[in-house]
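> Take a look at the letters that make up each chain.
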Amino acid sequence: MINLPAIRWGEPYESLEADEATHFLTGEPVARVNAVGSGIVTRDAKKARRARQALRSMSPAALIDACRRAGELFEMATLAVGDGRQSPDDFVRQTSATTGMPIAMCQANVAKNAFVLKNIGQILDALTRGLDLDILARGYGDEGRGVTVSYQAQTEVLGAVLPSNSPGVHALWLPVIPLQIGLALKPGSQEPWTPYRVAAAMVEAGVPKEAISIYPGAGGDIGAAILSSYRRSMIFGGPQTIQQYAGNERVQVHGPGYSKILLGDDAAGNWRDYLDVMVDSVYRNGGRSCINCSSIYTPRHGGEIAAALAERLGPIEALPPDDPQAGLAAFTTPGAAAAIWAAIERDLADPHTTHATAAYGPRLVEQATCAYLRPTVWHCRSTGCPGANKEYMFPAVAVVDCPQAKMLESIGPTLVCTAITQDESFRQDLIAATHIDRLNLGPIPTPQVNWLQPHEGNLVEFLYRNRALQAA
Amino acid sequence: MSDRAGDIDIAAAVQAARERLDAHTVEIVAWHFHESTGCPFWLGKKRELKFDPLTEIRSFDDLKKFPPFEDEWLRGGPVRRWAPRALADKPIYVFETGGTTGVPKSRIAVEDFRIDYSLFSDTLPEEYFPLGSNWLMLGPSGPRRLRLAVEHLAQHRGGICFCIDLDPRWVIKLIKKGWMEHLEAYKKHCIEQAITILGAGHDIRCMFGTPKLIEALCLELEERGSSLAETGITGIFSGGTEFTPQWTRFCIEELFGGPPEESGIYMTPTYGNTLMGLACSKPVTKGDGYKITYYAPQPRAVVEVVAFDDYDEVVPYGGTGRVKLTTLTKEFFMPGFLERDEGEREPPYVKYPWDGVSGVRPFHELADATTVGVY
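These protein sequence lines map, in sequence, to chains A and B.
If you're matching positions, the first sequence starts at 0 in numbering that gives the first Met the number 0 and goes up one per residue.
If you're matching positions, the second sequence starts at 0 in numbering that gives the first Met the number 0 and goes up one per residue.
Across the chosen pairs, the derived CB separations fall in these ranges:
no. : chain 1 : residue 1 : chain 2 : residue 2 : range
1   : A       : Ala342    : B       : His188    : 37 to 43 Å
2   : B       : Gly76     : A       : Ala348    : 42 to 48 Å
3   : B       : Arg46     : A       : Pro28     : 48 to 54 Å
Far from chain A, by Cβ distances over 12 Å, these chain B residues were calculated:
no. : residue
4   : Gln14
5   : Glu69
6   : Pro77
7   : Val93
8   : Thr99
9   : Ile107
10  : Phe161
11  : Cys162
12  : Gln192
13  : Glu229
14  : Glu260
15  : Glu261
16  : Tyr310
Source of the hints: derived by calculation from the structure; they are not laboratory data.
Being a predicted model, the structure only gives us computed values, none of them experimental.
Don't be surprised by glycine CBs; every beta carbon is placed ideally from N, CA and C.
Bound conformation, chain A alone:
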């Protein structure tokens, strides 16, 4: 068992209180995670300036280079994490053990986070639209058009209340360090591994350790302290969290995505051509991400599409985490899977809804220490069906009958929208729709992320404000 101390601006802190993260199958303790209280977070925040000062002692180029090396170390090296040494294989097994995710999926997320670290220069170049990062570092400069531009850091440290659902989401906060902004992280209770390993890799690669704090502890207590201590924070949560922080300029909130595929009138007849894209969008990464597709809207052939998806997804079984074919993550919180299935069953009882995977065996698979939900597809013959727009943490999708003209008013907030249509007028309406965040025009799987594009708001714009600066 590895002991993970809290990290207070680079210094390990052994708490008198600790939580155990256990293996979801065997119940064996995998990590002892030192828990701190909100007072420590609030008090440390008074020293946030030092974190930024330490980062400003290095140029953005040097920090980008350190992150590149950190990416290599994160992926390949044995690192000092907590009181132990952690190899890449240890990391993957530990992450799988406490989250219930298959090992192959955890490995894929390693590659994803390492890719972001190694390519952070290009990512920042894209997010800043080619701005010379030295202008951010200096505070102002000439972009090359003879115009002075100035950017003001909105916080010295970004607070982040991180989730446990997928190690892949950590890619969102990785670019913060080269922007010379520190990090105060509250790791997810089941997935402390990625923040600790990223921090270890960064420090090993030369990022000043004083720039990073990690505060495990009670979610509400630590989360509230982080959000109230820093002028810019990132939080992951459910619909209630989204609602709570809507319109709060200090908080970038990441929650359910309700990501969708829309088939236009001109494409619905060729739906078979897009079946692979639909299956991939629903199933990739165990269906656990906000960018997985949760609804497919089509003007025609809804029943056939649902049946075809069910034929592909329905037979998928819950396999042990070390099986290379495993594609489903376990629900490790007792009762969670059963509660989700009960909610789905209520929706399936609707007279205009058909459960397309019913013929492929029970969806809820309860085991001794965990439970699985097998991929579930249902067909909604109306946009008013209760299950038309739901998102769950497993491959679950509604195929919804909807005329093209009614789609935009029916889909609601949509993080990723893959619109398959060549209808230019419909495309223009999609581009103009403010309730769609990431828009894919054409048959692009919803989880396919282009890191050169912003995700749920541009991180650079969140952390830096473009303001006027005149010098005489």
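Position chain B relative to chain A; hints supplied.
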């Protein structure tokens, strides 16, 4: 040899305390179930019992004959049904617990809260809680016992108590609604009042504060370039499941500036609620890992740590179980009330020769539904 002598002394003290508890139990049960002195609730309950409490309760253990005490009995009126006939003409207070939604639990009191806090006063070291010094009470008043109790404590020690209110029911609503900015603003509102009073030349040396407010007060004073020691505070008592060893360590090492002999500030935890008296702790020290062990004010109240699957069975020393409270005063009889907390059973200690409880935290089966640390 001295250890052995100590063991013998402890054993004798434990035996004496047990005999005293048994005798007290018989006396209190007789009081509550006698027609001339008992309260309507227990006199009515007596008819449902399959035994006669006046003749068949001969020891504390005999209280197991009573059915489990249901907290629903304390919700709703008429409140007079809890007033013992022998005390019916006295001025009666009612104190409440819970009540964020629905009907709160209530209990009546005449002198109990004063007696409890006078007994607690005897445990406070004079060096840090000087007699005659004034107090600050920074916590919930309203329908709770705390404000009057702390005020009595101050008066009992020859001081005067300044009070700043915090409404925990509103705080719980803010947390449940997710209105964290309002929560911060409300906390700030309380702390600003406290700093104003502390700086107003009233010679306040002692205070009660809830853990969250003590922490917020220290952090705000630090923000202003001051400290708790600079305000003149030397003695603090606080309580609740938020008062953990780690929190104590954080306060002592980082907020107060060291242990009492260095910082001049002594803080002691307490455990209790409106339904029982005030359990005190053994001194909390770094050498003991800031461990907090509470002992009830026996024989007026008893804390037991019982098995999760058998509430009549006390767990072995060091074992984990649910906290069970019994209150035995002439004003209130509450046998076997299951608290919403759990902890570890601790052996008797020379000053308190009966069982204690350490590691008190929300009962794991209810923890998700319990909002803690609100004030």
